[in-house]
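> The lines below spell out each chain.
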Amino acid sequence: MSEAFFWMLLGASVVTLIPRILPFIVLSKIHLPDWGMRWLGYIPVAVMAALLGQSLLVADGRFAPQPEELLAAVPALLAAYFTRSLLAAVLVGMMVIIVLRNLA
Amino acid sequence: MKNGTLAQPAQKATADGFMQGVRDCLPTVLGYLSIGFAAGVVERTAGFSMLKIALISLLLYAGSAQFIAAGMMMAGMPPSAIVVTVFFVNLRHLLMGAALAPFFRHLPLWKNVLLGAQLTDETFGVAATRLAGKDRASFSWMLGLNVTAYLNWLVANLAGGLFGDWIAEPERFGLDYALPAMFLGLLALQWRERANGRLDGIVALSAVAVAVAGSVWLSPHVGVMLATVLAATIGLVLEKRWGTGGRQS
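Note that the protein sequences, when read in sequence, are chains A and B.
So the first sequence is numbered by this note's numbering: it starts at 2 and just counts up by one.
So the second sequence is numbered by this note's numbering: it starts at -3 and just counts up by one.
Since the hints were made in silico from the structure, they are not lab data.
Possibly wrong hints are sitting among the right ones.
Here are the simulated distance ranges between beta carbons [to be verified]:
id, chain 1, residue 1, chain 2, residue 2, range
1, A, 3, B, 101, 38 to 46 Å
2, B, 72, A, 15, 27 to 35 Å
3, A, 67, B, 73, 28 to 36 Å
4, B, 191, A, 36, 15 to 23 Å
5, A, 8, B, 46, 36 to 44 Å
6, B, 191, A, 64, 43 to 51 Å
7, B, 169, A, 68, 13 to 21 Å
8, B, 104, A, 84, 36 to 44 Å
9, B, 188, A, 100, 36 to 44 Å
10, B, 189, A, 36, 15 to 23 Å
Keep in mind the model is a prediction, meaning the values are calculated, not measured.
We put the CB at the ideal spot given by N, CA and C, even for glycine.
Construct all of the structure, not just a fragment, from the sequences and the given hints.
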């Protein structure tokens, strides 16, 4: 194993591990005030929407809405909402995108 | 606290047990298989041996960071530059961990560390959605979720390293869409569970706007973190001003 790879792997793993475990260490000791907990309650929606916005609206560092991906988002959202199944959203989204990409 | 958990063992074991965590992870498997496969291909292209691919999947265990590390290694960049970049790429875990950690406060420290060490975008999404409206989570359930995602990631990376050359145009099979579709599903479920529709909608739209602007003008990783912090703050401020919106209804 090359020396460069070893140091890269060690360093990258440590700087990834620390932000992962730090909140679990600190917040198991400290109680946040009520507004802090409410703020954290919005984090899941915010993170997921941000990640989605990037994958559906950005390509190569530019604002570029992806028409097929955006179109397939509608049935995927509806599938999850009405079946309450995450797997349904994934399968419906993939099926629609396959049809759009191969037939349209 | 001990008595509280012992009082209802049979019911808890089936509802929040390890196997339930494994099952709850299954919808993420397709999305992670495709990303892990792609990461394996890139790692192979960067000249990583199968041992190195296994090590980076198990120790770094982070999709975009592995792509970036492989790409930068290939470009001949020094380890220090890669480590700094990976740090910023993965700093978002800090926010996700903070959102999940309060559910695990009843657990001893080592269990918290173990669960935190395996935090990913996907397991976070599933856990945050399942736990919406609850106040504590089961260790074995989260472990089942985490271990399934971890093993799936290892297998996907190794498969990419082994068979990467054989599969042309994975987009034709819609594999790259499994991940966005999963996040769409998680958002829809969150929306149902939290019954906080108007505010969550505004938070989601603000996050999308800031993430897109941040990705275009700054960088994708900075964009996600900025979007998360700003959008959550907007949610909190509006909640103070308007009350909890639809939460009571």
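> Output the indices of the hints that this structure fails to meet, ascending.
2, 5, 6 and 9
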